[in-house]
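Work from the hints to combine the two standalone chains into their complex.
Going down the list, the protein sequences come from chains A and B. Throughout the first sequence, residue numbering follows our numbering, covering 1 to 426 in sequence. Throughout the second sequence, residue numbering follows our numbering, covering 1 to 521 in sequence.
These are computed hints drawn from the structure, not numbers from a lab. For glycine and all other residues, C-beta sits at the position ideal for the given N, C-alpha and C. Among the clues, some could well be false.
What the hints assert, rightly or not - Now the in silico label distances, taken between C-beta atoms and shown as ranges:
#, chain 1, residue 1, chain 2, residue 2, range
1, B, 197, A, 345, 35 to 41 Å
2, B, 57, A, 145, 43 to 49 Å
3, B, 452, A, 425, 52 to 58 Å
4, A, 27, B, 209, 52 to 58 Å
5, B, 167, A, 25, 55 to 61 Å
What the hints assert, rightly or not - Derived DSS-like pairs (lysine-lysine); straight-line CA-CA distance at most 27 Å:
#, chain 1, residue 1, chain 2, residue 2
6, A, 113, A, 80
7, A, 137, A, 191
8, A, 165, A, 218
9, A, 27, A, 385
10, A, 80, B, 337
11, B, 337, B, 287
12, A, 218, A, 191
13, B, 238, B, 329
14, B, 13, A, 107
15, B, 13, A, 104
16, A, 331, B, 114
17, A, 54, A, 27
Claimed, not checked - Chain A side only, calculated, beta carbon under 8 Å to chain B, not exhaustive:
#, residue
18, 74
19, 78
20, 82
21, 84
22, 163
23, 318
24, 320
25, 395
26, 412
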Amino acid sequence: MFNYGYFSFASKADLLKKAAEFWNPGKVQFWTEAGTPMVIDRREGYFLYDMSGKRLIDLHLNGGTYNFGHRHPELVEVMKAGLDYFDMGNHWFPSVARAAFSEKLVKSAPHMKYAIFGAGGAEAVEIALKTARYATKRRKIVSIIKGYHGHSGLSVATGDERFSKIFLADRPDEFVHVPFNDADALEAVLKKGDVAAFIVETIPATYGFPMPKEGYLKTCQDLCHKYGARFIADEVQTGLMRTGVMWGWQGYGLTPDIFVCGKGLGGGLYPISACLTTAECGGWLIEDGAAHISTSGGAELGCLIGHHVMEMLERPEVISNVHFVAEFFAKGMAEMMARHSDIFVGVRQRGVVLGLEFDHPEGAVAVSRALYENGVWAIFSSLDKRVLQFKPGVVLDVDLCQEILDRFDAAMPRARQLLKGMRRAA
Amino acid sequence: MSAHEAMDAPRLKVPDRALSRARMKVNRAAWAARYYRNFSRPAVLRIAEAIARAGEEKAAHFAEMAVEETGFGVVEHKAIKNRACTHELLDFYRDLDLVTPRVDPARKMVELPKPAGVVFAIAPATNPVATVYYKAMLAVLSRNAIVMSPHPAARHVSVAAAEHLARAAEAAGAPSGLIQCVEEPSIPLVQDIMASDRINVIIATGGTAMVRAAYSSGNPALGVGPGNALAYVDPSAKVDAAARCLVESKSFDNSILCTNESVCLTLESNRGNMERALRSAGAHICKQADTDRLRDYLFTDHGFNVAAIGKSAAWIAERAGIRVSPSVKVLVPVVEKPGQDDLLFREKLCPVLTLTAAVDFRQALTFAKHTARRGAGHSAAFHGQDRARLLAFSQEMPVYRVVVNVPCSQGAAGFGTYLPPSFTIGTGFAGRSSVGENVGPQHLVHWTRIAYARDAAEDLSDLDPAAIATVTDAGAPVPTGILPEEAPPVPAAAAERPEISRELLRQLILEELRSLRRGDE
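Excised from the complex, chain B in its bound form (with noise of 0.2 Å):
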């Protein structure tokens, strides 16, 4: 028997069919992307009505798809998210016109809006659907045509729902190609396209690894790292409500939001109250012994315990050998002293809380910084009514966000607070990004300015905005590029779908984890 019976591997190379896919529809959203920058607005609103029905249609079947593929988080609460990305999404972003050219007389300054073209976006294994719907979103709200590559973790339930969008986006007339995922994800393959002259921007939500190689890429990028959020409890905190925000927060989703918090920090006058607080919000608080099992199972010699991330507090603290009740929402380990080195004040993607005072405020401003640079430019909660601490915090976090008084996961990304809702947390210069805000469709469209000498004698004030948006109309816009009826064919590779070794699963998470331990150290 030759080696290569033995191995059954193929006797010839095989080019990277997946890659030569995944260029051809960069290609084709090139092509709608073409027509699509030229629709008018009540256009690009019907698109967008059409992928927030259908999304929210299919928000909680999706929920589920995502739990089970990748093991991750709750589905009611992932439903919740789908959804959020949907309608109130859309809403939030209604009035926001990114279409219509804008006549300023006073200025004397048109400006004309320019799409960005092909956005390529890399979503997280995490929150696959809620980033898929968001994505495509910002995408047809700024008149974009988007490339999603999914975590290989989470990609059969990513390329579902992109194509549910899709379809919905063709059908209420949006030219085909304007939304597409990836089926089969790789590095190389994200490397390959995130370098291609072909595409226009990159939105990376991900590792910090894929964040500094979409900044290393050569393209124009929105990358945004990971998070550390720490939640300042002030002794003038409603205590009790503080509690409930944490544990609602650490709860949500298994806490596998970036926006989570992972330190909740108060002073030690407080910290008695504080415990008490989550107890009856339904937190367990660990005792010494349990803190030192949670950190020996949540922290491996290979960083954080991946088999954790996302589950519930329940099953983690039976795997961490300690005794809690079933009905227990959040666990919280001790750490008396805030010192900077132990690895539970680490990012932890799971409902584990870890609860650590300060001697007085001026302590806790400086143990916050130094949590907070694990994360930098991310997001941090404030608890209490003293806005001269609050204000005094958020000038020293480096963070761009400072919830105040409500749970962070959510608030943070937008959901109950006015902040854009977003699942792509700018982390700006603090955290090496080019964006500090949460980001919108407006990232995803620059403006041409035509103007006059300010001592010109234009007026423009008669000059209609509609009769300019006409003139860009007149490329006739037409979806083009319709698929065949019949479904297209599967290809083989995808028809027997290879599901991915728990091994490579578990590789791809611990790169992604190592990456991000890399990023803050």
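Extracted from the complex, chain A is given alone in its bound form (with noise of 0.2 Å):
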């Protein structure tokens, strides 16, 4: 019996077939069919634990949401205490949390001038994309083949049409995708002198963390000032010192004219976005300030965690901690190559971002599910399934990324017979 005070399900069987019947059907069939068929019950620190009472090591975080782990201590004391004051707050008026926190935010990338809050990722896109159309006065939106902002109104069409032909929602008018890593296709479109803004992930996660080419970014911002676009950096998955620094862009020496971040900014505990601009960019906030709003677009509760995240994320020892983990993959995973060289054949990483390669095209759907075997929850990329996105936490220690790395290598013979299976069926 699972009861939660509030429900109770009989078992997890009696969850998963209300979550069918209710919720969502197909995800529920999706996860049951892949072997990993996780129903998340308690979590704390890394750890996430199934309703069977398996413990799985989180390297999913969904997407850098749980950057320093679920319920982390510090975090849930700051959100108590928060909520012993403030509530969402009134986003009509200036508000304490507010200021804070955009303060904060302008002071973590000097040359941008204002944050303009949403409540999730995909809300920071839409800011950031209406900002850039308000600066040209132009419509057209470039973004990357597989590139991944959101599922609303305009992020959704920046997107794979995957996301976005089955609700309508693509606009192949205005929106353009170029391939990733040629930025000749970027400056033919921009030649044009009608786009708005070219919208890119500073390494594309959901594509499977492929590496920008030397220079590529630079080139992309350069050639977007030169033809009178903007140059939009998305950092929902690599802000927030995942790849070393603070946000993705300053380890390409860039200077985007907006960029945007979501995930990990609300500390796993309360949704929050940011989109940042500069002055010129965000000429709208004087203009009509009102002119984009939102009720929950940074609640105030949301800005006091998010605050605190920021300032945790400046401290030395986590600076260092980032840099400890991210060393220990690169050559953890160089050796777990070398050993597994038949299926393992690629590591993408920059700081606690990493792609890992396999050799068939679904090789890291199977690789997944080796590794929840072995309590590792890592999830595939969706838009290539050859990639396995392994995401490790800023606050990881050094027991736990030694067992993440022995559990790797225990998994890797159920990976090479699952992908045997596969090849098979094929």
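Listed below in structure tokens is the structure:
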């Protein structure tokens, strides 16, 4: 019996049945068939506990939402303190938490002028695209093929058609897609002089973290400026120290006109996202500050937690830990690749953002399953299933990192077996 | 005006940031320890040399800072102590190899050194920098990482000293995070870290309460208690030499070392000689009225007067209302009969040495034993040539060091004797501690022993320890987790440097002294 006080379920099977009935039959079926039928019950630190009691080390982190792990005690303390004083607040008025948090964010990116808040990454992208259109008075948005920026009106149109066509939300006339790592293709579009912005994830997550070629992003940024467009960095998965610096673009020598962040900004406890913009692009905040409004965007509880997340990420001990974790997995994965070179063929890494390549079109699905059976939860890349997203948290300790590597090693024979079965079936 | 405005207190509760940062320091230390445990002996010695050199360069600078921050001790003497914990300390342990596996063909055994991992060290206010130097050196030599928690009254200088050594160690190839110091220590923080399963051993030097807490933490601990050293001057001693030792010892750093003599005991027949000798060595012998004034000044209703800790003899004399020559080095109150109840027989971390005399050696021994109980397991000094009495004295005394014809402050801490140089004086079972020696790097390493049957035909004589070392080196130790080039952002709290108020400081020291008394009684 799973009695949660407010609701209860007889068993995990009972829950799965109800979830399929009332919530989302497609998702329930997918995970069951994938062999990773997880229903997260308890969660603590970097551990997830399935309803069956099975413990999993979380290397998915919902794209960095659980950068600090689940229910980090310090963040929980901040959240509870916040609840003793704040609520969501009233988005119409200036507020102490919003003012403090926007200042904190802007100071982390000194060429920026304003921070505008949303409740999720897609909302922040929405704000970014509208801001670029305001600044340029142009309508066209360019993004990369297999890019991903969310599921709302404008943001979904920037992404893969898998998520837009089904809802008739693709807008080919206004949203142009160019190949990643191909600056010439971008220039060909920009040349027409009608592009408002080029939006790109600093390292495209859902595409399996392919690394930008040397100089590619800087060239894109320069091209945007050459042709009067704005350069937008999507930092939802690369921000917040995940690439070894606070914002991924800092590591590539960029100065985006606009950038967006989300995921871990709310510490995994309260949803909040932000769009940062230069003074030039953010002119609408002077002209008509209420041109974009959002009841839950910039809720004061979220601002409080976000403010503290930033503070924690700025601590020298945390920065040092990120580097330790990054170096550990750089070395560890190189060893793993040498040991399992028949199936494990590549590592893409920047900081604690890793994409592991396997030698099969759906290789990462098998590896995800093998890892799951060995107590590790890491998800494949939706738009490139050869690649496993491997995302260690920023405050992982040495013992757990070693355990992750040991479990990874132990899972490889099972992955090999699963892959063999998939090849035979193919 | 609301209550909040009136008090300007935060309207929201805030988490203990210092504690959170300390926990992350322990995490960093664990990373550093993971890599450092595979370092080769030359690499370890290179790092040890680097911190010795760095420590020596700034020994005087930190001595000055320490006296300025704590108000305890004498700058020149602190500089000597700091220096003693650099090259001299390293030289003492240079040949103690805690890195290379040992092969013993005769006993058919191989021993592999296994460092503890993360050492959590608690440092006192009295010898802040020397303790930081000393403990860092112990950690480096034993291939451990160390996180130190300084006394709040000495935190600025302790942090500066630890950071200085850490930079030198990293420049010499040490992993980042090998030597760290908590910036804002507090009692809850120390308790939390001590009880953490992320640390591997505690070295606790400080008040009794702290040491007991270390032993209660559930983690392995090397704790040492307070001292109350007695110096026995036998009639067989050369009194002038003995007196010079005593005055030198008591005036050294204004008696702030826990190995300093508290009581000078001689026999009635020798007392006159002793008084004369002490006087000519620079001590002021108190008459009855001055002895009473001194007692009243030093021992208040709340215990020992913390204002007197580490102050000079002249300074104390003036406060106590005793007329002395400005050049006086030590104050000597005289308690004619060696009873147990006189407050002046208690530990005095200031240049005040109580002189008393027994009717015969038997009474002297009895008194000495009782005095040493308030500082059990610590140190004592013997002045004289009579070896039978020396042995009888050492056998009876519940201490683990008896230094002979030398200043006890320095001698028991290993300076000028062959005792290991140390700022952590093991008080052993008598002092409710796990270690009775002067703590050294060997206490931070355990050994895995590979043992064959006695009658096994194995010949281990061709086993090369260096080859075994190479195997463990295969872990390719690389210094990692390097902090960004630019100086780390100074957290707002530290930048403002909220000074601990004098009252809080007084409370902390009082607390420590109170616990010291509780431990005695």
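Could you tell me whether the CB distance from residue 167 of chain B to residue 25 of chain A stays inside 55 to 61 Å? holds (60 Å)
When you check the alpha-carbon spacing of residue 113 of chain A and residue 80 of chain A, does it fall within 27 Å? violated (31 Å)
Quick check on the hint: residue 78 of chain A CB to chain B CB, less than 8 Å? holds (6 Å)
With chain B as the partner, please determine if residue 163 of chain A meets the hint condition of a C-beta pair closer than 8 Å. violated (38 Å)
Range agreement (Cβ of residue 145 of chain A with Cβ of residue 57 of chain B, hint 43 to 49 Å): Since the Cβ atoms of residue 57 of chain B and residue 145 of chain A sit about 59 Å apart, the hinted range of 43 to 49 Å is violated.
Given the hinted pair residue 80 of chain A and residue 337 of chain B, is their Cα-Cα distance within 27 Å? Given pair residue 80 of chain A, residue 337 of chain B is violated - Cα atoms ~64 Å apart, limit 27 Å.
Go ahead and decide if the range 35 to 41 Å is satisfied by the Cβ distance of residue 197 of chain B to residue 345 of chain A. holds (39 Å)
Hint check: is the beta carbon of residue 74 of chain A less than 8 Å from a beta carbon of chain B? The hint holds - residue 74 of chain A has a Cβ within 8 Å of chain B, the shortest such distance being about 5 Å.
Residue 331 of chain A and residue 114 of chain B: Cα distance at most 27 Å? Holds: residue 331 of chain A and residue 114 of chain B sit about 23 Å apart, inside 27 Å.
Assess, step by step, whether the Cα of residue 13 of chain B is no farther than 27 Å from the Cα of residue 104 of chain A, and give holds or violated. Holds, at about 20 Å.
Decide if the proposed pair is consistent with the structure: residue 137 of chain A and residue 191 of chain A, CA atoms, cutoff 27 Å inclusive. holds (16 Å)
Interface hint status, residue 84 of chain A versus chain B (Cβ within 8 Å): holds (7 Å)
Of the numbered hints listed earlier, those contradicted by the structure are 2, 6, 8, 10, 22, 26.
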